[in-house]
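S.K.: Protein chains in written order, with my numbering: chain Z, 1 to 147; chain R, 1001 to 1147; chain B, 2001 to 2147; chain P, 3001 to 3147; chain G, 4001 to 4147; chain V, 5001 to 5147; chain X, 6001 to 6147; chain U, 7001 to 7147; chain L, 8001 to 8147; chain S, 9001 to 9147.
Warning: the hint list may mix true and false statements.
PhoX-like mimics (lysine-lysine), calculated; alpha carbons at most 20 Å apart, straight line [as the list claims (entries may be wrong)]: (1) P:Lys3048 to Z:Lys129; (2) R:Lys1129 to L:Lys8146; (3) Z:Lys146 to L:Lys8129; (4) R:Lys1048 to R:Lys1003; (5) L:Lys8129 to X:Lys6129.
From the structure, some residues in chain G lie toward chain B, with a derived Cβ separation under 10 Å [said to hold, decoys possible]: (6) Glu4002; (7) Pro4060; (8) Thr4072; (9) Thr4079; (10) Val4080.
The set of hints was computed from the structure by calculation and includes no laboratory data. On a predicted model such as this, the values are computed, not experimentally measured, just so you know. Where a beta carbon is used, it is the ideal one built from N, C-alpha and C, also for glycine.
Chain residues, written in single-letter form:
Number of protein chains: 10
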Amino acid sequence: MEKQSATEAILAAKEEKGLTFAQIAEAVGRHPVWTTSALLGQQQMSEKEAAAVAAVLDLPDEVAAQLQRFPTKGSLPETVPTDPLIYRFHEIVQVYGTTLKALIHEEFGDGIMSAIDFEMDIERVPDPKGDRVKVTLNGKFLPYRKW
Amino acid sequence: MEKQSATEAILAAKEEKGLTFAQIAEAVGRHPVWTTSALLGQQQMSEKEAAAVAAVLDLPDEVAAQLQRFPTKGSLPETVPTDPLIYRFHEIVQVYGTTLKALIHEEFGDGIMSAIDFEMDIERVPDPKGDRVKVTLNGKFLPYRKW
Amino acid sequence: MEKQSATEAILAAKEEKGLTFAQIAEAVGRHPVWTTSALLGQQQMSEKEAAAVAAVLDLPDEVAAQLQRFPTKGSLPETVPTDPLIYRFHEIVQVYGTTLKALIHEEFGDGIMSAIDFEMDIERVPDPKGDRVKVTLNGKFLPYRKW
Amino acid sequence: MEKQSATEAILAAKEEKGLTFAQIAEAVGRHPVWTTSALLGQQQMSEKEAAAVAAVLDLPDEVAAQLQRFPTKGSLPETVPTDPLIYRFHEIVQVYGTTLKALIHEEFGDGIMSAIDFEMDIERVPDPKGDRVKVTLNGKFLPYRKW
Amino acid sequence: MEKQSATEAILAAKEEKGLTFAQIAEAVGRHPVWTTSALLGQQQMSEKEAAAVAAVLDLPDEVAAQLQRFPTKGSLPETVPTDPLIYRFHEIVQVYGTTLKALIHEEFGDGIMSAIDFEMDIERVPDPKGDRVKVTLNGKFLPYRKW
Amino acid sequence: MEKQSATEAILAAKEEKGLTFAQIAEAVGRHPVWTTSALLGQQQMSEKEAAAVAAVLDLPDEVAAQLQRFPTKGSLPETVPTDPLIYRFHEIVQVYGTTLKALIHEEFGDGIMSAIDFEMDIERVPDPKGDRVKVTLNGKFLPYRKW
Amino acid sequence: MEKQSATEAILAAKEEKGLTFAQIAEAVGRHPVWTTSALLGQQQMSEKEAAAVAAVLDLPDEVAAQLQRFPTKGSLPETVPTDPLIYRFHEIVQVYGTTLKALIHEEFGDGIMSAIDFEMDIERVPDPKGDRVKVTLNGKFLPYRKW
Amino acid sequence: MEKQSATEAILAAKEEKGLTFAQIAEAVGRHPVWTTSALLGQQQMSEKEAAAVAAVLDLPDEVAAQLQRFPTKGSLPETVPTDPLIYRFHEIVQVYGTTLKALIHEEFGDGIMSAIDFEMDIERVPDPKGDRVKVTLNGKFLPYRKW
Amino acid sequence: MEKQSATEAILAAKEEKGLTFAQIAEAVGRHPVWTTSALLGQQQMSEKEAAAVAAVLDLPDEVAAQLQRFPTKGSLPETVPTDPLIYRFHEIVQVYGTTLKALIHEEFGDGIMSAIDFEMDIERVPDPKGDRVKVTLNGKFLPYRKW
Amino acid sequence: MEKQSATEAILAAKEEKGLTFAQIAEAVGRHPVWTTSALLGQQQMSEKEAAAVAAVLDLPDEVAAQLQRFPTKGSLPETVPTDPLIYRFHEIVQVYGTTLKALIHEEFGDGIMSAIDFEMDIERVPDPKGDRVKVTLNGKFLPYRKW
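Throw the hints in and build the complete structure from the sequences for me.
M.R.: Quick look at the structure:
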C-alpha cells in the first residue's frame, strides 16, 4: 500500500464516519494541525499514534504501518500552487518575504526561523465584519554558525 | 527616481542614522510589519505617512512621492526563493499547504484566507532552549460566492 | 470515485441525454456558469444541488457525493494554456494586465478585484458582422488593509 | 527614445498634472481602457491621437512618435504574474478556463473569442456591502475554418 | 473511449488497411491536411464526416462519436518540441518571428494573421537537387479593434 | 557597435526616410523577407549587400560591418512568445505539429523539412471578406541518413 | 504494442540471449550505433531490417512492425539530463557550444552541421593511463540559403 | 575588465587584424579548438599563453590577466540553445543520448566519458555531395568507484 | 520487473525482516552508503553482490537480475527537491557553490572534484548540544586537459 | 556600494596582493571556508572581522560596511549550475539524495541535517593515483518537532 492510497483510505473513512480532524487528533493525543499533516503523509507517527488512527477509523494494519514510514515531504504537485486557498500563502511569501527577512534579521541577527523545530496553529477569530483565519507559525530561531 | 532606488536610499539612511524599523514605524504611526513592507515597496503610503518617513530619515521629496505610488507587488526575484530564511516559508507552504486547505475548509467551508484584508505580526518568544520566532498571519475568511 | 471520473460520467450522461448546461443549471437552481464550473470540479455543491444533478442525469449517489467534496481548484494542466480558446484569455491578461492594474487602482486605490466573492457571466451578443462573445467578470473590490 | 521610456515619461507627466486616464482618453477621443493600454505601450495610436496625448501632457514629439510605432505586445515580465491584482485574473483563467471552453463551445460550436476584434470595459458597481469591479470582455466569435 | 484511444484506433486501422491520409480525406470530402488534423484530435468533425471515417476504416460508432466531440487542442507534450521534424517549425518561429511581425505590420497595420480562420497546405515540390516541402499558411488578417 | 544597436539604428533610419522593407530589399538585390530578417540580425550579408543598406539608409560603416558578422540566431526573448502576432505561429506549431509530422512522413519518409536550405514568402491575398495573409515555407526535404 | 514496450521486449530478449548491440547490428547489416538508436526507438527500420531483429531475438511480428513505424524522436525525459553519462554530453554543448559556432562559421560560413544527414561512431581508444571513449559526429554542412 | 569585455576586445582585434583562430592558436602553441574556447572564456591560460594572445592581437595587459583567471564555465544563455548551429548538438544529445549510454555501458561498464580529461577536434571533410563537418569528442572513460 | 519495483520489493523486505542498511551492506561486503545507493537503483552490483542481497532478503532472482542492470541515474523527481532533508543539500550547493569553486581552484587549479571516482560517508557525531550529521564527500581531482 | 561590487573589489585586491583565501582567513581569525563564503557575500561579518579584511587588502571602509550587512544568500544564477565544478555537487544531490534521506532517517529518525548550524571543510588528500578533494559537511541533526 502506497502513501497516497493510505491517505485516500483515511479521508474516505473519515468522511464515512463523519469525524473531524480534531476528533481524530484527540484519539491520537496530538494537536489537530500536526495530526492532519501526518494523515496527509507529511509526518511520521509512532506505533501507538498510528494504531489510534486505525482504531478510530476502522482501517487495516497496513494503513497504520504506512503512517509510521518516513515520509518524503512536499505536498504540492506544482511549484506555484493553483488552488486559490493555498496560493494565498504563496502570495504572502512573495509579497512579505523580504519584510520577514528584514525584521527577523534586525531582531535576531543572521539566521532563520526553523521549519523543523516548528509548530503551526490555525484558529477561527470571530469578527462582526466576517470571521477571520489566524495562522500562527512558531519556529526556533537558528543563528548561522560561524567557524 | 524608481521604486528600487527609493528603497535603497531608505535603507542606507536607516543604517546611517542607526534607526530600527520599529522606530520608523512609530514615526509613521503604523505597525512595524506594515511599515517595513511599505519601505520595501510593497504597500502604498498616504501623503502624511510618506512625509513622516522622509522627515525621520532626512530624505528628499521624491522618496516621499515614490512611497505614495501604487506598487507592483512581489518582492522576490525567483519563484522558489534561494535565500534560506525566505525559503523556509516556501517550504512551510510546500509541506503544510494541503493541511491548511483541509483544516480551513473543515472549519469554514469552501473559501480562502484573504491575503489582502490581512495583517501579519512577527514576535520574539523567549525560550530557554533558544528563542523562537512567532509569525502570525491573520486574514479575513472569504467564502466562495455562489450565484 | 475520483473527481475526474465524476466529471467524465457527468459529461457522458449529459451528451447521451442531449441536455445543455443551462438545462442542468435550471434543475440545480443556479446560474449556468456556476453550475458548469461545479460540474467541472471547481465548486462545491450543497447536498440538494448535487442530488438534483444526479436526478436529472440518472447518475449514482457517489457522483452526488463527489460534487459535495471540497475541490482542489485549478482546471488547467499547464501554466500557459495550449488550447486556443483558453489561451485567448491568458493573452488578455498578458496584454491588458497592466491596464487593469492602472485603471482599478486609479478608481479604487490599492487593492484587488476578488476572484472569490466573484461572479462570471457569458452571453452571445448578436452582431451582423458576426456574433460576439461577452464575458462579464464581477468581483468585490478588496482594499489592502493597513495596520 | 524607447517604448518603456515613453511610458515612464507619460506616467510622470500625468502624475504631475494630476490628470486621470479618463481625462487623457477624452482628449484622445477614445475609450479610457483602450487609451490606457495604448499609453502603456500595447496599442498603436494614429498620428492625431498621439498628438493629442503630447499636447495634453506637454510632452515632446518623440513621445508622440513612439506611440505611433507598432508595439511588441505583452505587458508582464513573468508568465505567472506576482502582483496580486493581476494574479487574480490569471487565477480566473486557471479556475474557469474549462468552464469558458465548455459554455462557449456549447453556444457557438468549435472556435474562439477573439482577443483582437475585442473590447474591454472596467466599471465600478456601487454595492452597500462593498463596491464591486465589473470587467467586460467583448470579442467576436471566430469559428474554426474547415477546408 | 478517450480522444487518445480513438486516435490510436484510427492510426492502427489506417496502417492495417494500407490507406493514406489523402484517401481517407477523399472519403470524408475534406482537404487532407484538415482531415489529418481532425483524425489526430485537433478538429471537430460533423456527423457525416465522422461516419465516413468509421465506414472507410471499419471502426465502431464510439470512434465516430469521439470525432464529433469538441477537442482540447494542442498536440505536443512539450513547449519546445524534441522531435526534429516538428522542432524545425519551432525554430522558424524563433528565427523569423520578428521578421513576420515587421512585414505583416508594414503591409497590414497592427493586427495578426488568424490561426482560426486559417488553412494550411503541404506539397511536395520536385527539385533535381532534392525535392522540397512547401507548407502554405493562409489566415485572415485581423486588425486590432480600436474603441 | 553591437548587433542590437545596429538593428535599432537601421529601423530608426528607415522610419525617418520613410522607406519600406521592400524598397531596401530592392537596393540590396534580395527578397524582402530575407532582407528583413538580415536587418533584424538573423542572416549574414555579403560586403556588397551590407554596403547597399548603409548607402540607402545613410548609415556609418560600422553598421555595414555588423551586418556581415555571423549572427547568433533566435530573435525572441521567450520560449512561448507573448506578442499575439508571433504567438499565432507558435499556436500553429502546437495545434498542427503532429499533422505536419504525419503528412510529411507519409509523403517523404523519415526526415525533416530543412529550416536552413529554406525560403519564406509573405503575401497579401485580397478577399472580399477581409484580406488574408499567406505565408509560404519552402524547405528542402532531408531524409535521415542510415549508416 | 507501443514503441516503449517494443524497446523493453528487445532489451529483455537481448539480455536473455547474451547478445551485444554489435551482434544484432551485424544481423541487421547496419552500423552498431545506428542499429542501437533504432532499437531504442529513434530510427525507422526497413521491413528487412526489422525482420532480422525479430529473427535474431526470437520476437513476434508486432515488434518488427513497431520498428518500421515512424518514430517520434527525442529519447530523454528532461531537458537537462540527470544521468551523469548523458549529462557530460549536455555539458560539452554548454561549455563548447560557442566554440563550435565560431570555428564552424570561420571554416564554412553561416550554416549548420546537419543532425539528419549525420553519422555517429563510438570507439574505445586504448590508453595506458586509462582507456578513452572517442565519439565521432559527422554531419553534412548546410549553408543558409539566401533568396 | 570583465571576462565578457575581454572576449569582445579579442574578437574585435581578431576581426581587425584579419587573423583566424588557427593563426592565434599557432601563436599560443595550442590546438585551435582549445585556444578558441579559451578566448571565449571557457579555459584558463598560462601566463605565457595569455601573453602570446596579447602580443599577436596588440591588446593590453588586463586582457592577458583576464585570460589567466579561472573561468566560470557555461557559454550559453539558455538551457535549450536557440541558435540553430548550436541547437543541432543539443538535438544530437536528445536523439542519441540513450544510444550513447547503452553502447558506452556495454563496452566499458558503468561509468562516464569525462568532459574534463577531454579533447575535441573539428575538421572539414571534403565530399562531392557537399563537404561535411566532423567533430571528434575524446574523453577518458571513468568507471564508477565502488567502495 | 522494473527498477522501481525492485527497489520497492527490497525496501518492503528490509522493513519486514527488520534489517538495517548496514546489515545488508555487511552481507554484500560493501560500504553502507554505496550499498544503499545501489539498492535505491543508482549503482550497478556484481552478480555476487546482487545474489547476497537476494539471499539476505529472501527475494526472487529477478530482483538480483535488476540490481545488475546498468542504472539510469538521478534519483529525484524535481530539479529543486521539495523534501526538506534533501533540500538542505541543494541549499548548501546554492549558498556554498561559489566558495567550493574558489577554494578548490585556488588549491588545485582549473578542474573539478569527480562525482564518479567518488566516495561518500555518513556518520553520527555525538554532541552534548545535539548530535550532528557528518557527510564526507571524497572525489578525485580532475584537472582540465589542455591540448 | 553594492554587495557584488564589494566582492569584485575584494577579489581584485586579493589577486593584486597575491594573497590566498587562507591568508585572509588567518587575518580574520576564522576558518578559510567560512571566510571565503563571507567574502563572496554569503555570510555576515562582525565589525572586527570586516575591519581585518579591509586592513589586509587595503580597501575602503564601505567594503567593510558591506561585509557587515545581512546577506541575501544564494550564490548561483541558475537552478541547475552550468559550471562543471559546481554541477558535480548538484549531481551528487541528484544521484545520492535518496541515499542521504534513507541513511540519515534510519540513524536519526525523521528530521534533517541543518544547513545553518553547519560547518564545511575542504581538504586536499594526497594520493599517488591523483590527489583527491575531500569535502566535509557537518550539520546538527534537527528532529521534526511533534506537537
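S.K.: Under 10 Å is the threshold here; is the Cβ of Thr4079 of chain G close enough to any Cβ of chain B for the hint to stand?
M.R.: Interface hint status for Thr4079 of chain G: holds (8 Å vs cutoff 10 Å).
S.K.: Answer holds if the nearest beta-carbon of chain B is closer than 10 Å to that of Glu4002 of chain G; otherwise answer violated.
M.R.: holds, 9 Å
S.K.: Taking the least C-beta to C-beta distance, is Pro4060 of chain G closer than 10 Å to chain B?
M.R.: With Cβ-Cβ at 16 Å, over 10 Å, it is violated.
S.K.: Does Val4080 of chain G hold up as a contact with chain B if the rule is Cβ-Cβ below 10 Å?
M.R.: violated, 12 Å
S.K.: Taking 20 Å as the top limit, are the C-alpha atoms of Lys3048 of chain P and Lys129 of chain Z close enough?
M.R.: violated, 51 Å
S.K.: Regarding the hint that Thr4072 of chain G lies at the interface with chain B, is the smallest CB-CB distance below 10 Å?
M.R.: holds, 5 Å
S.K.: Holds or violated: Lys1129 of chain R and Lys8146 of chain L, Cα atoms, limit 20 Å.
M.R.: violated, 55 Å
S.K.: Lys1048 of chain R and Lys1003 of chain R were given as a pair; does the straight-line alpha-carbon distance stay at or below 20 Å?
M.R.: holds, 18 Å
S.K.: Given the hinted pair Lys146 of chain Z and Lys8129 of chain L, is their Cα-Cα distance within 20 Å?
M.R.: holds, 16 Å
S.K.: Lys8129 of chain L and Lys6129 of chain X were given as a pair; does the straight-line alpha-carbon distance stay at or below 20 Å?
M.R.: violated, 49 Å
Of the numbered hints given earlier, the model fails hints 1, 2, 5, 7 and 10; all others are met.
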